[in-house]
Each structure stands twice: as C-alpha cells, then as structure tokens.
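All chains should be built: construct the whole structure from the sequences, respecting the hints.
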Amino acid sequence: MARQMTGAKMVVQALKDQGVDTVFGYPGGAVLPIYDELFQQNDIRHILARHEQGAVHAAEGYARSTGRPGVVLVTSGPGATNAVTGITDALMDSIPIVVLTGQVPTFMIGTDGFQEADTVGITRPCTKHNWLVKDTDALAETIHQAFHVATTGRPGPVLIDIPKDVQFASGAYVTPKQADTRHYRPRVKGDLEPIKALVEAMETARRPVFYTGGGVINSGPAASQLLRELVDATGFPVTSTLMGLGAYPGSGENWIGMLGMHGLYEANMAMHDCDLMIAVGARFDDRITGLISAFSPGSKKAHVDIDPSSINKVIHVDFPIVGDVAHVLEDLLRIWKSRGRKTDRAGVKDWWAQINDWRKKDCLSYKNASRVIKPQHALERLEALTRDHDRYITTEVGQHQMWAAQYLRFEAPNRFMTSGGLGTMGYGFPASIGVQMAHPEALVINVAGEASWLMNMQEMGTAVQYRLPVKQFILNNERLGMVRQWQQLLHGERYSQSWSEALPDFVKLAEAFGARGILCTDPADLDDAIMEMINHDGPVIFDCQVEKHENCFPMIPSGKPHNEMLLGDAATEGAIEDGGAVLV
Amino acid sequence: MSALKIKKGSTSHSAYQLRDPHAEASERHTLSVVVDNEAGVLARVIGLFSGRGYNIESLTVAEVDHTGHQSRITIVTSGTPSVIDQIQAQLGRIVPVHEVHDLTDEGPSVERELALFKVAGTGDRRVEALRLADIFRANVVDSTLESFTFELTGTPEKIDAFAELMRPLGLVEVARTGVAALSRGPQQAK
Ligand SMILES: Cc1ncc(C[n+]2csc(CCOP(=O)(O)OP(=O)(O)O)c2C)c(N)n1
Ligand SMILES: [Mg+2]
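Residue numbers (the numbering used here), protein chains in the order written: chain A, 7 to 590; chain B, 106 to 295.
Hints in this document: simulated from the structure, not taken from any laboratory. Errors might be hidden in some of the hints.
When the alpha-carbon atoms are kept at most 30 angstroms apart in a straight line, the in silico DSBU-like pairs for lysine-lysine are as follows [as the list claims (entries may be wrong)]:
(1) A:K366 - A:K380
(2) A:K319 - B:K295
(3) A:K195 - B:K295
(4) A:K319 - A:K306
(5) A:K202 - B:K295
Okay, structure coming up:
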C-alpha cells in the first residue's frame with residue numbers, strides 16, 4: 007500500500023529519494039507548504055539565493071561541477087519569470103537541472119490571480135520538458151520522471167509547476183523505482199556501421215583532428231578517460247570548444263588548444279586544413295564554424311552526438327554516429343585496436359610538423375606592460391599561483407571569459423563552468439556559489455568582468471551568509487570590453503554605451519557585505535594580492551584594475567573563415583598600415 | 106584605422122552576416138507524429154515550428170488510441186531536404202513524442218482532407234454548382250433556396266480545384282480540416 011502524504015511532503019521525500027542534498031531557492035506564497043516541510047527536516051540543505059536567476063545559475067554550477075542534477079525551488083509568477091534566464095542558459099549548455107515552481111491553486115488558474123503566470127507556457131521553449139501537476143497522486147511520479155528526463159540522453163533543464171492546493175492535498179507517494187520512466191529512453195549505443203567506417207578513415211587519415219565539446223564532459227568521467235586513451239593511442243591532435251575544456255588535459259601531449267572565434271591559431275588552422283575531422287560531443291556552433299561555406303573545405307567529417315538533431319544541423323557530415331560519447335568511444339577504441347591500431351604514421355608526423363609551424367605564431371603573445379596590469383598577465387599569474395590547488399573556475403561573459411579560456415589550463419573535466427551557448431552575463435558569480443557548495447574545500451574562482459559581475463552582485467549576501475569562500479577575480483577595465491572591441495573593429499570606433507560608468511568602490515562593497523575586498527592596480531603588487539586572495543578564508547572581491555583598451559585576440563570576425571583570423575597586436579603590429587597582411 | 110580596415114565613422118560594415126541560403130529547392134512533406142495525448146503537447150509541436158522558423162501548411166490532430174491516450178498529428182510542411190530532416194529530428198526530441206514518420210519519404214501513402222463549401226446563388230449558377238459537385242462526388246449537407254453547403258473529401262489538390270470552380274458560382278466560405286494521412290500497405294509505418 008502506497009504511503010499517503012501531502013504534496014508538499016512528497017516534494018521533499020522525492021528529492022531525498024533522488025539523492026538530493028542541496029536545493030537553491032527563494033520562497034514565496036505559492037511554495038510556502040514546501041518551505042514548511044523543508045524547515046522540518048535536516049537531510050536537504052536549502053541555500054537562499056538573493057534572486058531567482060542566481061538560484062538557477064548556482065544550481066547549474068553545482069550540476070556542472072559534480073555531474074549530478076542541480077535543484078531549484080522558487081515561487082509562482084515573478085519567482086518563475088526571474089528563473090527564465092537561468093533555465094534558458096541550462097538548455098543551451100545542456101545542464102541537468104530540476105526547477106520546482108509554485109503555482110496559484112488549480113481552481114484559480116486562468117483567472118489572472120495574484121502572482122499567477124503561465125509558467126509552463128513561458129518555459130516550454132526553454133526547458134527540455136515541463137509539467138503542470140494538477141493532481142497530488144501524480145506528483146511524486148512526475149518528479150521522478152523529471153529527474154530521469156533531465157539526466158538521460160542530452161541533459162537539460164526541466165520544470166515542474168505545482169499549484170498550492172496540490173501541495174496541501176494528500177496523495178499516494180511512489181518511489182523512484184516505482185515511477186514509470188520507460189517511455190523516455192534515448193539510445194546510447196552508436197551504430198557499428200559508421201563507427202567502423204570512421205575507424206577505416208582514421209587508419210588512412212594524414213591530417214586528422216579531434217574536435218571535442220561539452221558532450222564529452224556531460225557523458226561522464228568515463229568519456230573523458232576514453233577520449234584521453236584514444237587521443238594518446240592514435241597520436242592525433244585534439245582541440246576543444248569552450249564547453250569541452252578539461253576533457254583532454256591542457257598539459258596533454260596532443261593538445262593544440264581551444265578552437266573557435268577566440269581560439270588558438272593552430273587549432274583553427276588545423277580545423278581548416280584537416281582531412282579528417284572527428285567531432286565528439288560538439289555541435290558546430292557558429293562561434294566554432296565561422297563562415298559555414300568555407301568551413302574545413304577539404305575534410306571528411308565524423309560526428310558523435312547523443313542528440314540526432316545536432317547531426318547535419320549546420321554542417322553536413324560523412325559519418326553520423328548517434329550515441330552517448332562514452333559508449334561510442336569505447337566501441338571505436340575496441341574496433342580500432344582489434345584491427346591492429348593502424349594510423350598513417352608518416353602522414354600524421356608531417357601534420358604535426360605543420361601544426362608546430364603554426365604554433366610558432368605564438369598567437370597568445372601580447373605586449374606586457376610595467377605600469378598597468380594587462381588582463382592576460384593577470385590570468386597568467388592567477389594560473390601560476392593556483393595551478394597546484396584543487397581549483398574550480400567559473401566566468402562571466404566577455405573578454406575576460408575568453409582570456410580565462412586561453413590563459414588558464416584545465417586538466418580535468420567539470421572544472422570550468424562558463425556560459426557558452428547563451429552567453430549570460432551574471433552567470434559566473436552565482437555559479438561559483440553552487441560550485442563551492444558542492445566542493446566546500448576547493449578553491450573556487452570566478453573570473454569576472456566588472457559589468458557582468460554587477461548583474462548578479464546581490465549574491466554577495468548568499469556567499470557571506472553561507473561562508474562560501476568564493477573568490478571574485480574581477481578584471482576591471484571599466485568597459486563592456488567585448489562590446490567595445492566589436493565597436494572598435496566592426497562599427498567604426500563608435501563606442502555606443504560601452505563604458506562602465508559610476509562603478510562602485512569594490513573594496514568598500516565587499517566590506518559592506520562583511521567580506522574582504524582587495525584592490526590591485528600595479529603589476530608589481532599582483533602576486534602578493536593574488537596570494538592574499540587565495541589565503542583569505544572567506545569570500546573575496548578582487549578588483550584587478552587592468553588596461554582598459556586591450557583587445558582579445560586571436561579573433562575570427564563573425565562571418566569569416568578559420569584561416570582569416572586576426573592575430574594580436576604583437577603579431578600584427580605594422581601589418582595594419584601595411585594593408586592586406588592583417589587577415590592571416 | 107581598425108584592424109579590419111574600416112574607416113572611422115563608416116557605417117557600411119556590419120558584423121552580422123546573414124547565412125548563405127544554400128540554394129536547395131523547397132519540398133512539400135507530410136509528417137505523421139504519434140504523441141501522448143497530454144496537456145500542452147500540441148503547443149510543444151507548434152512552438153517548435155514557430156520558434157525555429159519552419160512552415161506549417163496544414164496540421165490536424167486527434168486522439169486515435171483512447172486506451173493508450175495517444176494522438177496522431179499530421180503536419181504538412183515545406184522546406185529544403187536538410188530542413189525537413191532537421192524538423193524530423195527536432196520533433197523526435199520532444200519528450201511525449203513517440204514516433205515521427207516522413208510519409209513523403211517512406212514510400213507510398215494516402216492523403217485525404219475534408220472540406221465544406223458554402224455556395225450561394227440562384228438560377229443557372231445554382232444548377233451548375235450542383236452539377237460540378239456531382240462530378241466531384243461532393244455531398245450536399247445543407248441547402249436553402251439560395252445556397253448549398255457541399256462536403257468534399259479528397260486530396261488537397263482536388264479540394265483546391267473544386268474551390269476554384271465554385272468561386273465564380275457564388276462561393277461564400279470554405280472550411281477545411283487539413284490533411285490526414287497514412288502509409289499504404291498492411292503494416293504500421295515503420
Ligand atoms: C545578459 C547579457 N547582456 C548583454 C550581453 C552582451 N555582452 C556580451 S559581453 C558584454 C560586456 C561584458 O563586460 P564585462 O563583464 O565588463 O567584461 P569584459 O568584456 O570587459 O571583460 C556584453 C554587454 C550579454 N552577453 N549578456
Ligand atoms: Mg569590463
């Protein structure tokens with residue numbers, strides 16, 4: 007006989023049975039019964055964000071750094087609408103989160119009741135799936151199904167809208183095992199036929215490259231392990247998207263750096279000139295491909311992805327393989343080994359010689375300065391001084407984000423949390439809170455821009471309340487730097503609204519919240535200041551005042567092919583006047 | 106001068122480049138989608154089409170399995186072959202979608218649509234309307250002394266043709282159901 011309990015109790019029971027230990031949320035009228043139940047137990051910790059968007063990004067940070075779903079609880083109406091940006095962010099980056107929203111009682115739905123919003127309507131296009139539960143008897147099963155959908159196949163955000171009367175009423179509880187999840191079973195094993203064809207292509211490829219993405223990390227630690235084995239056994243070069251950094255170690259022998267709009271010269275050139283591209287858990291995003299019609303014109307392309315709709319969406323591929331990355335890589339490795347571990351050694355050797363030649367461009371070189379802190383330098387020092395820590399990095403969105411991806415090194419998956427698909431300013435700070443919750447002992451740093459950071463700065467309250475020692479490393483250029491860069495390069499140097507005016511004194515701001523503030527303006531003080539930040543046992547706002555007009559290079563301007571990259575000032579100095587030589 | 110050699114103050118350059126519309130020809134396809142008949146499922150399907158800019162030429166839906174609570178949605182859409190493939194894949198991602206079939210691609214199929222035509226007129230025009238209706242095997246389902254309402258079932262082309270003929274004869278209004286379609290042969294679409 008199924009246990010009877012109220013809907014509110016069921017929510018808490020279902021979360022416990024799903025193994026949830028942390029919920030990020032914000033209370034309100036329509037979720038009060040659930041908050042009442044949370045109050046009366048100790049297994050689940052609730053983290054009170056200061057804005058529902060913050061709660062969702064925190065849950066994303068928790069999810070991305072652990073591989074387990076993040077959980078959010080917010081009220082109806084404004085609680086739900088405030089969560090929409092975070093939910094969309096999770097959809098774009100395939101992050102498993104479960105959002106529980108309160109709703110007006112069922113008998114009031116449709117009457118424009120107080121704090122009523124059509125939450126399932128509003129979130130239909132930004133969730134993987136959502137449910138409005140009108141019957142307490144269906145609640146527990148729906149929650150279990152929601153966890154199943156969020157974490158199975160291509161992960162993503164799901165939402166369950168729970169009217170208040172459903173929370174008060176009693177119904178029958180079912181456990182995760184009893185819940186029916188049969189219908190949603192995306193395939194994980196790839197077809198052997200195209201995998202074999204890919205192996206044959208790998209055996210004869212002269213200029214192969216692995217192009218890996220966030221799907222490798224989403225697939226779990228086994229996928230990263232198998233990728234490493236495959237890359238090292240074949241000796242093929244490997245590049246990755248922003249989302250996939252860490253799946254193959256940044257210190258690994260075959261690593262050629264991040265690709266894409268602000269990726270490394272050698273990585274983009276390798277993509278352009280390869281004869282076999284093996285895309286693994288990546289989706290040919292426009293930041294990656296540049297001009298589609300000129301994308302890697304001479305290559306055969308394989309694409310491993312769990313989502314059939316990702317395949318042939320933007321780029322036509324020759325070997326489409328629908329399946330989970332870990333499963334497919336396992337088969338791929340097994341077949342390749344059983345056929346004698348063949349590669350075209352001479353061809354691949356020449357290919358590496360070519361790549362090493364491209365490397366000589368030293369595309370990340372920049373002109374350092376002694377009077378002013380260059381943002382790249384700040385990140386190089388941050389990297390050097392934190393490399394040996396158990397370190398997790400989040401970022402906001404802008405130039406600093408790209409510099410973080412370029413100058414920090416990621417040795418393991420789940421260590422780099424950044425808003426890739428949606429590009430959400432305001433993501434990094436709350437995400438760092440979620441990461442720190444999941445990893446209390448780790449060093450968690452949010453590499454931020456001053457403008458992005460202000461977008462969710464209210465979360466200082468959360469960091470201080472829960473004593474989360476998150477480090478807010480703000481590369482403060484007093485500019486919406488990335489916007490300014492585009493205006494300089496592409497809009498005739500008309501700097502429309504790209505200043506950060508009336509900035510707060512970040513040190514005083516930190517102190518006002520009861521945290522530590524550190525100001526650094528001189529390159530000579532940088533190392534000491536960073537060490538002070540690392541050693542302070544508590545949240546820190548680090549106001550790193552950097553060069554205001556630095557541009558982020560390399561850069562493939564929108565709509566240009568990979569081999570028309572702009573290189574940095576150091577490499578192109580003089581070339582601009584020369585004319586013609588700028589576009590390498 | 107900026108790195109891209111755009112003159113200061115120039116407005117002729119934009120960072121945004123429209124995607125090259127690969128000059129593939131657009132095709133008309135009929136998709137048959139089996140879904141759980143749950144709240145919001147039609148909104149999900151329609152939202153997918155509007156959100157991603159796909160066309161809907163016609164759409165019909167009704168529960169076809171009352172015990173299993175499953176509905177069949179028949180969608181006539183048009184797009185290049187790669188867009189049609191993408192539509193199929195995107196439909197397949199919707200959680201309550203069980204099956205997606207491209208009836209146009211998967212072998213022979215039958216398509217039927219039902220339409221009602223209200224035609225008003227007297228004298229010769231009225232007689233001619235009735236005569237043509239007979240040729241098209243349309244049924245009279247309502248009549249007054251100065252009007253008929255015809256019911257016609259057939260392919261969309263047949264219904265278009267009938268509408269064209271009725272127009273000069275006093276066509277007042279038309280209601281069409283949209284296409285229902287199934288694959289030919291003894292088995293379920295596979
Ligand atoms: C919510 C949101 N609004 C606007 C943008 C557009 N945008 C992208 S980068 C950027 C500037 C970011 O400035 P800052 O955080 O200071 O970073 P910087 O580029 O200076 O390093 C803006 C406005 C965005 N990505 N997200
Ligand atoms: Mg800035």
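Legend entry - Proposed proximity, K295 of chain B with K195 of chain A (alpha carbon, max 30 angstroms): holds (20 angstroms)
Inset, instruction - Sort out whether K306 of chain A lies within 30 angstroms of K319 of chain A, counting only the CA atoms. - result: holds (16 angstroms)
Inset, instruction - Verify the proposed pairing of K319 of chain A with K295 of chain B, using a straight-line Cα cut of 30 angstroms. - result: Status holds; Cα separation ~24 angstroms.
Legend entry - 30 angstroms Cα cutoff - pair K366 of chain A, K380 of chain A: This hinted pair holds, its Cα atoms lying about 22 angstroms apart.
Inset, instruction - Take the C-alpha atoms of K202 of chain A and K295 of chain B, compute the straight-line distance between them, and say whether it is at most 30 angstroms. - result: Since the Cα atoms of K202 of chain A and K295 of chain B sit roughly 26 angstroms apart, the hinted pair holds (cutoff 30 angstroms).
Checked against the numbered hints given earlier, this structure breaks none of them.
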